[in-house]
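Assemble chain B onto chain A, guided by the hints.
Listed here are the chains, written in short residue letters.
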Amino acid sequence: MTDVFAEVRNVSKRFSSRPDFAERIAIRLGAAAQPPVVHALDGVDLQVRRGEVVGLVGESGCGKSTLGRIIAGMLPPTEGEVYIEGVERRTLAGQAARRARLNTQIIFQDPMSSLNPRKRVIDIIGEAPLAHGLIARSEKRAYVEDLLVTVGLDPSMAGRYPHQFSGGQRQRIGIARALAVKPEFLVCDESIAALDISIQAQILNLFMDLREQLNLTYLFISHDLSVVNHIADRVVIMYLGRIVEEGTAAQIFDSPNHPYTAALLAEIPRIDRRHRTFQTIKGEIPSPINPPSGCHFHPRCPFAMDRCRMERPALRTLADGRKSACHLNDLERRPDFDLNEKGRENAS
Amino acid sequence: MMELKTAETILEVRDLQTHFFTPQGVVKSVDGVSLTLKRGEILGLVGESGSGKSITGFSILGLVDPPGRNVGGSILFRGEELLNASEERLRSLRGNRIAMIFQDPMMTLNPVLSIKTHMIETVLAHDNVGREEALARSIEALRMVGISQPETRIESYPHEFSGGMRQRVAIAIALLHKPDLIIADEPTTALDVTIQSQILSEVQKLCREFGMGLIWISHDLGVVAGLADRVAVMYAGRIVEQGTVDEVLDSPRHPYTAGLIGSAPAANRRGARLQQIRGAAPHPLNRPEGCAFRTRCDYATDMCLKEPPETAGSRAHRWRCFHPLADAQLETLP
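Line order of the protein sequences matches chains A and B.
Numbering follows UniProt numbering, in which position 217 of the first sequence is assigned residue number 217; successive positions increment by one, without gaps.
Numbering follows UniProt numbering, in which position 119 of the second sequence is assigned residue number 119; successive positions increment by one, without gaps.
The reader is advised that the hints may include incorrect statements.
[Said to hold, decoys possible] Here are the computed lysine-lysine pairs in the BS3-like style, where the Cα-Cα straight-line distance is at most 27 angstroms:
1) B:178 <-> B:38
2) A:282 <-> B:116
3) A:140 <-> A:182
4) A:282 <-> B:205
5) A:119 <-> A:182
6) B:205 <-> B:178
Please keep in mind that the hints were generated in silico from the structure rather than gathered at the bench.
Since the model is a prediction, treat every value here as computed from it, not as a measurement.
With the rest of the complex left out, here is chain A:
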C-alpha cells in the first residue's frame, strides 16, 4: 500500500486577470493598482496511494476543486510539481502524456452541464475510447452497453439523449464515460452533491462497488463530511488554500487535532443530533484574495495565540501518524476540544 499513484509537491495556484495594454500603462504610472490575485492553493503537499480513497474536504473557496483539477491535469500549477506514478507531469510528452491523461478521469458535480445535450448516450460514452484507439468502431455498441450495465443502467437506453434521464441516471452516464477509457484513478469533484438523498446512497454504493471490481483509486472531493467519513480511507481537510489536517478517517472523525476540523465536525447536521442549540465558530470564511496572516484560521479560532497571527504553522506528522498544521501541538498541554454538545453548551 505504499505504492504512491499521484503526488503533488509544494503546489501553489494563483489566479489573476491579465491587465490589458491601457491598464499596464496605468499600473506603470501608479494610477491603477495591480489586479487582485486569488491565492487558490498555497504550498500544498498530497500523496494518493494506489487503491486508496482519499477524501478532500473543505468549504467553498478552500481550493479543493482547484487541487483536484491540477492532479487530474486539467490545470497547470503556478508553482510546484505533480507526479503521476513517479513521473513529473510536465516532463511527459507524446504517447506517455496521453496515457497519463487517460489514466486519470474526473467526474463532475452537475451531470446536466457536463454531458453534451445533443449527443446520444452511445456517442457520449463511446467517443473517447474510439478516438484513442481503445476499441474498433464495430465494437462500440457492445462496449458501451457493457459499461452501461457496469454502472447499473439498462443497455437498451444507449440510443437516448441526456435529457431523457433523471439526475441520478445522468450521473451514472458521467461515470460510465469516465470509465470508458479504462482509468485507474478517478477524481470525483462533488459528484453526488446535486443528487437527492436516496439517489446519493445509490451512487455512493456504485462508487464502492466499482472500486472493488476495477481496483480504482479515488480522490473524492466533497463539502459533505458525513459522505467522506463513509467512503474515504484517508481524509484531507483544507482551509483557504492550505491543508490543515490529514489522517485516516478514524483519526480525523473520532479525534480531530486541528481546531478547524473540530469545528467542522461539530457543525455537521446529523439525524441523531436532536433539538440542538446551535453554537458556531464565529466569523466568515475570509477572501482568498487577501487571506489572513500566519495561520489562515486564526481570526475564527477559539484557541488563537499571538504566534498564530505571525507565523504559518507547518503541516507536521504527529505521533499517531496523522499530519496537522497547528501551533497548539507545540504547547506542553494543548487545550481539549469537546465535541460533545453538552460540553460545548456548558463552556459558553
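What follows is chain B alone, placed relative to chain A:
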C-alpha cells in the same frame, strides 16, 4: 415543549391541493396536504426534489402562478381562510404577518437597490411610520440577525455581501414586521456548514424569543433533526408521515421515511454499503395509482393499489401506509 400544548394554533392546512395544468397533463404537485402549526413551533417539511414541499409553502402565501391553481382544501391562518381571500387581503398579510425566506437571496434581493431601500420600503409597505423610524427598525433587525455595524452596512448593495450575509439580510427583512409565521424554503442549502450553523442558531433564537411559527422546508433530515420540533415527510405531493422529530426519526412507520434515514451515510458503518431506496421518484405526470411509493417499496402488496388512509399512532404521529413498520422491524435499521 409544555407551553406548546396550550399555544395558539396559527396555521391549519387541510387537504390542500395545488395542481398545475400543463399542456402535457395535470401535475398534482400538492395532493391533499394537511398540517398544523402552533405559535413558537418549528415544523420541518422534508422531501426530495419534486415532492411538492416548496409548492406547499408557496400555496400558503398564495404565490402559485398559472398554470398552477389551488383546486381544493383550506388554509386557516389564525382562523382566517386564505384560499379565497382577496389579493388585497393577501398583500396585507404577506411580508407583514406571514413572511417567506427563499433559497437564493441573490434572486430575491434587487441588485440595484441598497439594503436600506429594501428594508425601508418593506417597513413602509405595511406600517404608517416616518422614514426615520423605518430606518431605525431596519438597523435593529439587522443587529438581531448578527450583522455587525448595521448602521454602515445598511448602505451596502446585495453584491457587497457574502452568501451567508445576504441570507441574514433576507431573514432580517422577513423579521421587520415580527410576523406570526415564517416559511423558509431551503434557506441554508447553498451555504457552507459553518455558515449554515450560524444561520440556524440565529433562526432558532429568534423563534424562541418572538414566538413565531416557522415552517422549515429542507431536503436535509440532519438539519431538521437539529432544528425542528415536529417533522413532516413529503413524497409525491403527499405528507406520508408526520410527528414529533423524535417519534418520526426514532421509530419511522413509513418505509420511505425509514429508507431516507437509512441512506444517510452517518447512519451506516464506515465503508459498508449504504442502505438504499431502489429506483427513482416517479415523474409527476405519471405517478403510480394508490400509494405513490409502492413501486420502490419492499413491502408493497396489491392492497397498496388503493390509497392508504392516514393512520394515527401515539400523540402527533401519523402516517399513510398499509404496511407500517413495526418496532421489531426497526431494530434491523441502524
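Against the structure, the hints come out as follows:
Only pairs whose Cα atoms come within 27 angstroms are accepted, and residue 178 (chain B) paired with residue 38 (chain B) is accepted, the gap being roughly 16 angstroms. Straight-line distance between C-alpha atoms of residue 282 (chain A) and residue 116 (chain B) comes to about 25 angstroms, which keeps the hinted pair within the 27 angstroms bound. A hinted pair counts as satisfied when its Cα atoms are at most 27 angstroms apart, and residue 140 (chain A) with residue 182 (chain A) qualifies at roughly 14 angstroms. Simply put, residue 282 (chain A) and residue 205 (chain B) have alpha-carbon atoms about 16 angstroms apart, close enough for the 27 angstroms limit, and the pair holds.
Of the supplied pair hints, the one linking residue 119 (chain A) and residue 182 (chain A) holds, its CA atoms being roughly 21 angstroms apart against a limit of 27 angstroms. Annotation: proposed proximity of residue 205 (chain B) to residue 178 (chain B) holds, straight-line Cα distance about 14 angstroms (limit 27 angstroms).
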